[in-house]
Every structure is written in C-alpha cells, then in structure tokens.
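Peer 1: Residue-level listing of the chains:
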Amino acid sequence: MRLRDLVVHAGLVATSLLTLFPALWVVSMAFRPSQSFDTSLLPIPEVISLDNFRDLFSRPHFFRQLGNSLLVAGLTTAIGVMFSCTAAYAFSRFRFPGRRAGLLALLVTQMFPGTLMLIPLYALIESLGLLNRSAGLVLVYSTTAIPFCVWNLKGYFDTLPRELEESAMMDGAGPFVVFWRIVLPLSRPAIAVTALFSFLTAWNEFILAATFLSEEQAYTLPVTVQSFVGAFSTEWGHFAAGALVVSLPVMAVFFALQRHLVGGLTAGGVKG
Amino acid sequence: MRGRRIAWALGVCACSAATPPAVPDPPRTELTVWHSYRGDERLAFLATVSAYDATRPDLDVVLVAVPHDALPDKLGVAIPRGNGPDVFVFAHDRVGDWAQRSYLEPLGFLTDAALAERFYDETLSPLVYRGDLYGLPLAFKCLALYYDRTLVTEPARTTDALIAQTTALRARDPAVWGLGYEVDSLYFHQPFLDGFGGALYSDERDTLAFDSNEAAASLDFVRGLLVDHKVIPNEATSALVSSLFLKHSLAYVVSGPWFRAELAGHEGWGVAPLPIVSATGRPSRPFLGVEGLMLNRYSKHKTAAFELMTALTTDDAAFVRSQTGGQLVANRQVYLRSEVRDDPFAQVFRAQLGHSVALSNRPHMRRMWTPLKDALSRAIVHGEDPAAALRLARTRVEEGAP
Amino acid sequence: MPQLELDAVGKTYDDGFVAVSDVSLAVAKGEFIVLVGPSGCGKTTTLRMIAGLEDVTKGQLHIGGRKVNDVPARDRDVAMVFQSYALYPHMTVRENLSFGLMLRKLPTAEVVKRVDEVAATLELTTLLDRRPKALSGGQRQRVAMGRAIVKRAGLFLFDEPLSNLDAKLRHQMRVELARLHRTLGATSVYVTHDQVEAMTLADRMVLMNAGRVQQMGAPLDLYERPANLFVATFLGSPSMNLLPADRDGEDFVFEGLRWRLPSQTSAPREVVLGVRPEALRVVGTTPSGREATLQLPALVEVVEPLGHETYVHCRIGARPLVARLTGPVSVMPGESIVLGVEASAVHVFDRQTESRCSP
Amino acid sequence: MKNVAALGPCLAVIFATAFGAMVVDRYASHRALENGQAFALHLAAYLAQEGDVAIAQEGDVAIAQLRAHPAVQSAALVKVVAADARYPFLRRLEVVAHTDPSRVGTRLLASSEDDKRVADLVHIGGVTALSDRRFQAGVGSAVVTSMPITRVGLPVFGLAIGALAALLFWLDLVRKQPTSRVRPLIGALLCVGTLFTLLGWRIVAIDRLEGAARSTADPIAATFLLAVVVLLPLVGTGVLGSMRGVGPSPHRRAYAYVAPALVGLSLLVVLPFLFGVALAFTSEVDGQTTFVGLDHFIHILSSTGRRLTEPLSFYFTAAVTIAWTGINVALHLAIGLALALVLSDPLLRFRGLYRVILIVPWAVPSYITALVWKGMFNQQYGLINHLLLKFGLEPVAWFSGFFTAFVANVTTNTWLGFPFMMVTALGALQSIPKDLYEAARIDGASAWQQFRHVTLPLLRPALIPAVLLGTVWTFNMFNVIYLVSGGAPNHATDILVTEAYRWAFEQDRYGYAAAYSVLIFLLLLVWGLFAQRLTRADES
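Protein chains in written order, with this note's numbering: chain L, 1 to 272; chain F, 1001 to 1402; chain V, 2001 to 2359; chain S, 3001 to 3540.
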C-alpha cells in the first residue's frame, strides 16, 4: 500500500471512529440491563444483556409494526421517487409557463415550520378517509419528501447531456422511452440518493404516525420506540434498543443502494 | 417478586386474548381507551382492563398506547372531529384547558358520594375545574426524598440537618455528592419555594405571586446548596443524578415514584418525606400530579364508558395497579391492605401526598414552566439577583397572556 | 421533387430572440448541403428544426414531399450525428447501433444484419461489445456515424461532427465522410463553422449570419463572387483585404491613391474595395508606370513564411493589409514595397448596403 | 376562447371566497350567540347579586340552555338538590321550569339515558346559580342577547374581493399584454380569497366538533371540502394560465409530468400552510378564537419591548438563526464533500464499509443521539471536559455561556447533518466524467486546482438543491437546539423556530406561534428568491 493510501485510510478510520463514537452510547444503553441513561465516561456496558431486545421483540404487534414501517417507507420511496422523477424531468427539460414558479413553490413548502401543520394535516387526512391507514402516512410522507427529491433529481438531470435524449429521439424514441431507457438508467446515483432520503423521511417519523394511527397493530416502529419516553422518565434501555433496531434497515437499504453510486456513469457518452 | 407480578399480569392478558371475539350477537359496544403507560404500569393497567372486559361480554375495550408527548396533540386533533377515544388517561394539569375546549365530559352529575369516597380528597380536587369534576383519579405522583442507606443512616428531617450531613459526607469523600435534582426546574424547586412560604399564585384567579421575597429566599437557599455548600453537582440532569445514585456517589435524590423503576436491582436505598425548611419551619410541599381517567365529551357510549371508568378505579383494580404497576394509587382503602401498609415506599409517598400542592389545572399554569426555568437558571446557576430574575420571569409570563 | 425543402422557415424563441429568419432552401436527393457561418448564426438551429428538435415557428418544412412542421423527430425519417456524438454511455456499441432499429420493431435478424454491415464498413466490428467510454475519440465518432447510417434514413444531418477531433484526425475523417457520401449517396445537411470542411464537402454551401442566409451556391462560386462583405470576409484565410474608397467618375480614391476601374462605373459613391490576399503580388519597391496593374505602396510589418507560401502583413497609411505570396519571398519588415493587383480581381461593395456591386 | 377558459377559475374564486366568508360569518354569529348566552347568564347572576358563582350549592337554581344553533330554543330552570356537603362538585338537579313544559319536574340522574341527555343540556350552557326571583330576567336577557345577528358584511366583502379579482383577471387577459402590472394585485386578491376560503374551512371543522355529539355526518363540511379540493387546482391553473395566456398549450406533457407531485403538495402542504397563515391573525382565549389582525406581528417585530440585542428579541434570535444556519451548512458541505471526494475513488478499499459507517448519524434516531451529545458536553461528567482535563486544559461549563453553548449545538448538528450532504455529494459526483480529470491532470492542474476548476463548477448544479434545502432545514432545525442546549443560557442560543415552538406548545398560543412561523417563512422566502437567481445561471 502506498503512503498516500495509508494516509487516506488513517483519515477515514479516524472519521469513522468519530462518527461511530456517540452512537456507541446508544449501543451500550441497548445492551445494558438498566433503563437509565448512560452518563458514563465511555460507552462500555458493565453487564451485557439482551433483555432490552427481548422486551422489545416480545411487545405486542412488534413484527406487525416492523412490517408496517417497511411497507410505509417502501411505498413512500416508490411513490416519492416515481413522481419526483417525472416532475424533476419536466422541470429540467421542458420550458413551460409556471416552471420557475413551480420550482420556487417546491422550495417554499419547506420553509414553513412544520409544528403548526398537525391540525390541518389531520383534518385533511381524515376528510380523505385515510386516518389509521398506512395509505394516509404514505401520502403525507411522500409529499413531504417530494420537494427535496425533485430538486435533487432536477439538479442531476441538468448535468446530463441533453444530446443523449435528442439522439434517442432521432433514433425514434418517444418521450417516455427517452425518459425510461436513457434518462433513468443514467440517473441511478441520484435516484439512489433520492430513494434513501425518501426512505429515511418515512422511516424515522413518529409524530404524524402517532397522531394519525389509533390502533397499536397499525403503528409504525418509531411510534413504539417513542412510547418509551414518559412524562418524567424514559426507558432508555428499551429506547436505545429500539433506536438500533430502527436504524439497521436504514443501513441495509443504504448498503443496497450504494452500489449504484458508481463512478462515471455518463463518461464516454459525450465529449466536451 | 417483580418477575412474578409481571408473569401474573401477562397471564391475565393472555386469558383475555384467548377469549374469542367472534360472537356477532349481542351487538358489542366498543370502547377505546388511550393511555401512555409504559412498562409495569402498562401491564397492570392492561390487566385491570382485561379483567373488566372479561366480565362484560357486551363490551370490547380497545387499549391504545400513545407516546406520552404525542397524546395531548393527538387528543387535540381527534376529539374535535369525533375521532377521539371514549376514555383516556392523562395528568390533571390539562383539565382546565380541555374543559374549556369542551373536550371533557363533566362527571359531577354521574358520580355519587360513594364513588368519590374511594379516593383521597387530595387526588380528587385537582380534577375539579370551575366546580365540575372532570376525571376519576387513578394514581398520583409527587416528589419525595430518596436516600442512600450506605451513606446516610437516618434521613434528614430538616434542611439544616441535610446540609450538615451532606457537607460532612463531602468532606470525607469529594467524589460523593449530597443532593441531586434539576435545580433549574420549577417542578423540582417547588418544595423549597413552598417551604420558604412562596407560591406561584396568590389566589384562585391566577394572580401571579412568585416574585415574592419568600420565593427569592428559596432561590438564595438553593444557590447556597449549589455554590456555598457545594452539595449539589453542577448540571445535574435526571440521567446524571440516577447514575450517581446508582454508583453510591449521591446521598439524596429528590425524585418521584418513577425513580424506583431506575433503581430496579439496586440495593441500599430508602425514601423519606421531603425535609422541613429550617429557616421557616414549614414542610416543603412538592407539586402533586394526578393521573385521571377522563371521559370524552363526544363519546357515543358515555354510560358504558363511565361504567368502565368506575370499574377501573375500584379498590381491587387499584390494588393490582399498585402491586403490579408499582403505582401510587388514589384509593384510600388500598393503603390499608397489608401488602401496601407494609411497603414503606408507598407509605412515604402517601404521607407526602398530605403535604403537597396540586399543580394548577388552569391553562395559565402551562405558561409558567419556561419563564421560571429561566429565572431559576439565572439565579441559582448563574448567580444573578433572584428578585430581578423572578421579576423578569413575571414579565415573560404576563407577555404570554394573550 | 426535392428531398428537403425549407420555405421561409423561421425560428423565434419565447423570449423574442429571432434565431433564424426566412430560410428557404431546396435540397435535391443525394445532394450534400453544408450550412456554414460563425457561431450563433442560426445554422445549428436550422439543422435542429429540420431534425425536429426545435419547433418551427414560421414557414414550412417538407421532407420527402411531406410537410413535417408538426411531425415529431422520430417520424421524420432523418438521421443525425451530433457534435458531441451523444452515444448512450450505458449501452455497448452494438446496443448503441441497434437501439433505433429495435425501437422500430425491426426483426432481430434484420437488426443484426444491418449492424454487422455498418460495423464492417466503419471498421467497428471488433469494438461492438465495448462501452463508449472504452473507445478513442475517432472510434466514438465512427460509432456516431454508424448509428446514423444503420437507420438508412432518407436524410442525414450532421452537426459539426468533426469539431471534437484533433486536426489530423479531422482531415482523415473528412475524407472518409466524403467517400461515405459518395458510396451511400444519401441526402445530407451538414453544419460546420469550418470553411475548409464546408468548401471540401459541399455540393452546395449555405452561408448564414445572424439568422439569415447570406449566400447560397457552389463553394467556389461563393468564394469567387461573394454576394456581400460578410461572405467575402468569412470565406478565405487570411480573409479578404478591405479598403474603403470613394468613387470619382471611373476613379476610386483611397488613402491618397487613385485606382481606375472602368468596369465599375455603376457603383455608388461610397464603396469598399475588396482584394483577396492571394490576388496581391510584389511588383517592386517603387511605383511603376504600368497601367494594367493597380498599385499599392505599402510598408512591410511582419513576414510569415509558411514554406509553400508566405504571408506578408503590411500597412498602407493606417490600414493593415495581408498579401499571400507563393513560395519564399525576400521582403523584410520595415521595407517599403509596392503591391500590385489585377483590376479584375478587385471586388467592389456598396459601403452602405455592404452588398456586391461588381458584376 | 381564452376569456371563456379564464372564467372557470374566476367563478370558482368568487364562489369559494363568498362561501368561505359566509361560513366565517355564520361562525362568528354563532360564537356571538354563545357569548350572548354566557353574557346573559352572568348578567342574571349579577342581578341576583351573587357574583360570579361557580359552584352551585344545594337549593340554588340554575339556567340551563340548549346550545342549538341558530337560536336558543329551550331554556330550563334547574334546581340543585342533594349536593353532598363533602363533595360540592357532585350534584343532582331538578328541572323546575322549562320552555318545554313536559320536562318540568324531571329529576336528573345519571342512571338513565334520558336524564343523561338533560344533563348534557345542563352543562353546555354552564351552570350558574341564581335565585328564583331573577329567573325571568335571566332567561329574558339570555334569549335577547343570543338572537342570531344577521350580518351581511363579510359575505359581501368576500364576494367583492372575488369579483374584483375575477374582473382584473379578465381585463388582463383581454388586453393580451405580455406582462401586466395588475398581476401582483390579482395574486394578492386571490390570496385573500383563498384565505377566506380556508378560514371558512377551518371553521367548518370546528363546527363539526360541535355537531359531532349529535351527528357524525356533516353535509356542509363535506360539500365544502369537496369545493376546496376542486377549487385549488382550478385556482392553480388560473394562476398558471394568467402568466402566459390560457388554452391548449404545447406544454401539456410538462404539466402532466409535474401534476402528481404538485397536486399532492398543494393539497398536503399548501393547504395546511394557508391554514397556518390564517391562524397568525387570530388569538385564542379560553377556547374562543378572535381575529386580532396584525397584533402578533407588531408585537414580535417591536421586539416585545426588549432591546434589539437582547436574547428573546426577534432580531437577536434572527441573527443567531442566520449564524447557526450559515455555520452549519458550511460545515456540512465541507465535511460531506471532502468525504464524498475520498469515498468516490473507485480504487479505495473498504469503500462500502466506510460509506455505511459514515451514515450512522443519519440512520440512528436523533432524539437519543442528541441527548448523548448533551451528555458528552456535561460540565462535570462529560467526556469532552474529561478530555480537556487530560490535555491539561480547564474544563468548560458548556451551557453557561452563549458561545460555548452555540458550539455544542453546532457540533451536534454537524455530526447529525454531514451524512446527508455526503450522500448527496456522492450521488452528484457521479455525473462528472472521469476523463475531465485526466484532461485536467494533463494540463498540469494540482489536486486542489482540479477540485477548484473541474469538480466544483460541475458539482454546482447537482449540489445546489442540497445546499438550498439544507439551509432551509437547518434554519428550522428545532430538535438539536431544543434537546442539546435547550436555548441555554437564557434563550440566547434559541433560534426562531424553537421560539415559535415554545409559543405554540409551552404557552399554548398557536396564533402567536403562527405569526412567528409566518415571519420565519418570509425570511426564508427572501432568501429563496435570492438563491433562485443563483440557480438560474446554472441552467442556461
């Protein structure tokens, strides 16, 4: 290994440790039998026990809730990415009246603090008859994820050479074929990032989920995890175990997606 | 001991789960109950509900555990649209707000004296707002003094004794601290505020009175504990306090019944009533919070719901909650049963109940926390003039008045 | 019937910018048309309108006798080679070549046959399973060309296809293009800003500027009889020397000199005289009395010997002038020389309208 | 044709505005009615010279009224009987007099459903004690003051606004000028119209709660919601159309691509947002919502009587927020980009492993990790001070000073936020062809020059969204501040959104918090407009 590689790896290992270190407390709390917050100097549990995980897994409907979470996050990702792709493509490629306004509108939606949105959102979801259903959550989550997804994809589409699409049009491809066979395959990195973002948006959210869902078997996992927080005290052991369980699928999703973050996808397509 | 209790509660749950719900007639009434109980409390509550459910074939009680922080907001959006639960469990301090918004059904016309007699008067009155009763009390929470038996043989009865004991301890071993609680939290400061003769309000009309000399004196006193006597650790969060206490590095902790859950498996601790403030000779009375069963004003089955509420507050149900859930229940008879009578923990808190100040259930109360937290932090932690800090908090509270 | 016909075609963008105005052009079957002009002159826009990549906002466009103003690109039966090649980076060469055929639902056997054929013609057979990023510039260029050929379209469009190649490769590809055109005989419209490409490839050349056609015709015609000052200066390197002059009867007066051009009596009073650098030659060091030649006393400033020819940059009064002389010459910077030009080689343009006056 | 097409949205706006205003009005008079009731009862009590008696004693009599709109239909005189002396809040009531004579003499007992209904009737009006003698006066005034007040002001006002907007809109189209000066005015009027609509919509929702006890189905609310749902897209097309004519356009495909996302957004984001804006002009006291106009805004912008440079003044908090946002985004971007550059090297070993490790802060719920950071900053037992001591430095009371508390917040948020930027940059980096680097290397560019002149310019378009949105999110990043420093010391490290949150959830003043949120929104909007100019350059 060359010296430069050594330096790079040393730097990366150091950064990784810095990144992991605070999270180690969560691990430590999850594997301690105690329910108190770990304030020790180093995140090393004195006794290792799986009680917290056992308690967590034996909670009623736990696996059902895990399923709900996967379903909601999965659907959110699918729907969010799908609609964002089309919208971002239009924003990037077509010049139509209202385009700039639309883009700004997407940005603007992120500007109003969400804290006051609860009441009207509830009323809306209720009037659509989607209370207590995964569909309601999927609807809200995918729309809240859309602005970033659209902007991010649009930014990426902007960097894709337009000649490729024109070339496909000359080859006899209709707009949909161009989008599907040329644009989307070339945008895999951006789509991967967008998908991860959508997934996380849906996966960790609990306030809306706790408000919209009124049956424990309909809950998503973060709602259950948040139930460990009480008025005066929190079952930190259970919470930490839950937090770990919640974050594992995210890492798995990212691990699966990250092979799409491969270099130089558009290389060789166009010159200059 | 604890394991057996849980096993028993689980058994009850399992039985109830086994009862087949598939009988279509007679038409079953479904009652929904929202709560935010966790751990043993949840199991106990579940057990009492299931037990009642089993006796009522015409009834289905659906329990929904809602995260505590999300519950008020969820109620706030659901009840006005007719989607709320029939019955829910929450602390009494929101009763005024909810009554004003007509979320709650007044119970004064449904309750009789016999039912009212089940409960300590102290736990009933916080649920009364403008002359109407809005909930049946399940349990109460207040602060008491936990102490470490390995460090303290006899818990201090007065603040002077406490200072003397803890400074001595500190002198012997500087790694040991004397007293632990969140000094800048109004909830925890209340005992001293009251002990020094201060109060938040001077009357029933929410006239602010916390910028009094007595209140300032209480701030000075705690500042003394923190800075002069150095018996309180800096930045004592509840997490830090419990970890110090578990390491036998803290003699006293001011905390509530929930603290016992964190001491599971820990030996050598005791609970005592909060000390008398030596400067005034008055007992330090903590805030009292009452968890009540409340009836949704828009419930479609108010009669059935009230019957459920009555059933969940019987002495027997309360006993289950007390034993399985470790709750400080509101029923007076329970404290006479041998299991509870012989439990010093329950008895100390019951005694403390007699020396407590109910949190105001008026909406105005919720505006007090943050400004007073600032005042406490300014005066106690940063050493600013207590009177000025309190006056500042007063302006902030008044500013909050719409 | 012309294969391609543009009838007063124009393009105005949404913001009001007029990219192309009133281009009319008829291209016969098998003809090779080159659109040439400086960047931004509208030649690429014209090409893209023909391709169907830009909307035609004015006039009519016919391909193979069919009006195609509103026909999408894919239905126009045209093939296009892009300046940047625009190869699909996520497809192999074979996929790149067969993509268009597949979309037209041609039978697989037919697709394979055509692709192999074209690959053989363009010497791409060994590269068929590579991705574009594993190809050299020239190879990519050939793939791009192959993609157009494989379609057997009625009309070929080239958008500066050689501009990304280095000089040597460009020359080579130019020759290959010309050969290809001869063998395929396809009707082609070719856009370039390089006049050498234009002159060498074109059957007919269309010179554009500022969205308008300046002149159209055989390359040599344009060179020899530029219709206006723009055409005159655009074609030829170094470009034509321009000398503003005033007409006084049969005489043209400029910089204190007086030329007699009897054939130009119809010219307006204010003109510009144009002299191609290669029309100049050195006639001596002092003005001589020979009538047949127009004479220009000039001060040499720079001499650029290129071997087979020499550029002599000189000055008449304040006006710069370039002469392109064959072979090595023996003038030195600082020297005063007299340049001579035949009267027939002088182009006369109206100074106001900038259009040609001489016949 | 154009003009006809434009009429649709216009009519929709008129209809909706008027309808909204009507509901607002109906609601207002309804509330006035209630106020009337309450007033009458208080008046009665006053007449009886018993003061504001809250608790009825045995032998007292009370007026109970059925709160049925649009008018008071029944009233009853109820006598409080058998109140237990120990429990004054337990009562039995006897109906002494009633507008429905058949009910006189009814005993109110909890056991029977019928009595329950009457009991319902009693509470709604509230129970106020008064003497027999004054009963007639009490009922009389109650009925008088609670007569429904017919006012035409609001609906007419709404109608006028809608009509004016429609008229201007139409004129604008007829004139066919490419740009028009009246357009902002139309926009403003449309906004007012929509505001009315939404206010009305909210009131319908509140109305439903009152009806909920009696019936769950509310045809008015359903119709109205439908109207809103249909209306918004109409208004949307109207606004879009007004920009460049109406009618069939060559842009149909673009609209089709954008529509699903925008319809979803306008429904689930824009509607609630407008609700929030409407809320900002109201104040809620004791469950009663009143319109307060610009009071909240004036109060906030006058920095609530504080010095401008004092914590809790709007301007101080805004300055802290801007600093907070700038520093965080810069750090996120720098760290994220640096890591992405390193991790995008295809030859790097364990690349996947590093990448997964480095997104851990994003993956683990921030509620707990933020508290872990708070613990690390603990003065006495935190790891950071422990390390400082190890290196011979003085331990720091992190949350006692503004600067240190700010640093603690920023550190935590940087840790939480860089993975997002890293992942986005990783994605964006893939759009840069590697041969450009080769070209740059051949040109003799150093690594830094390559980054500066190749990577950065090419990354710009792809990274701008992340930076733009990252800024907005950080501006509104409430969790970290709330959990780590909690605003300490003395709210100095609070940012605007935590302040809004405190007003909403600690002080229960949603209207005031909404006004705060609107100001936050406006600040960000100005920034967004500015930022959009930056992106414009990247597109052409």
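Where hints are given, some of them may not hold.
[As the list claims (entries may be wrong)] List time: in silico DSS-like cross-link candidates among lysine-lysine, alpha-carbon distance up to 30 Å:
(1) V/2133 x V/2113
(2) F/1247 x S/3390
(3) S/3390 x F/1300
(4) V/2113 x V/2029
(5) V/2105 x V/2133
(6) V/2105 x V/2029
[Claimed, not checked] Partial pick of chain F residues on the chain S-facing surface, computed with a CB cut under 8 Å:
(7) 1093
(8) 1108
(9) 1133
(10) 1239
(11) 1369
(12) 1382
(13) 1385
Simulated from the structure, these hints should not be mistaken for lab results.
Every residue gets a Cβ at the ideal spot worked out from N, C-alpha and C, and that includes glycine.
Peer 1: Are the hints correct? Go through all of them and say.
Peer 2: Taking the hints in turn, this is what the structure says about them:
Between residue 2133 of chain V and residue 2113 of chain V the CA atoms are separated by roughly 25 Å; this keeps the pair inside 30 Å, and the hint holds. In summary, the hint linking residue 1247 of chain F to residue 3390 of chain S is supported, as the alpha carbons are separated by about 23 Å, within the 30 Å threshold. Distance check on the hinted pair: residue 3390 of chain S and residue 1300 of chain F sit about 66 Å apart at the alpha-carbon level, beyond 30 Å; violated. Only pairs whose Cα atoms come within 30 Å are accepted, and residue 2113 of chain V paired with residue 2029 of chain V is accepted, the gap being roughly 26 Å.
Restraint check: the Cα-Cα separation between residue 2105 of chain V and residue 2133 of chain V comes to about 27 Å, which is no more than 30 Å; the hinted pair holds. With a CA separation close to 27 Å, the supplied pair residue 2105 of chain V and residue 2029 of chain V stays within the 30 Å bound. Of the supplied interface hints, the one on residue 1093 of chain F is violated, with its beta-carbon coming no nearer than about 12 Å to a beta-carbon of chain S, more than 8 Å. Satisfaction of the interface hint for residue 1108 of chain F is found here, the shortest Cβ-Cβ separation to chain S being roughly 5 Å, below the 8 Å cut-off.
For residue 1133 of chain F, the interface hint holds, since its Cβ comes within 8 Å of a Cβ in chain S; the closest pair sits about 5 Å apart. Taking 8 Å as the C-beta cut-off, the interface hint given for residue 1239 of chain F holds, the closest approach to chain S being about 7 Å. Using the Cβ-Cβ criterion of 8 Å, the hint placing residue 1369 of chain F at the interface with chain S is satisfied: the shortest such distance is roughly 6 Å. Interface restraint check: residue 1382 of chain F against chain S, minimum CB-CB distance 7 Å, threshold 8 Å, status holds.
Look at residue 1385 of chain F: its Cβ only gets to about 14 Å from chain S, farther than 8 Å, so that hint breaks.
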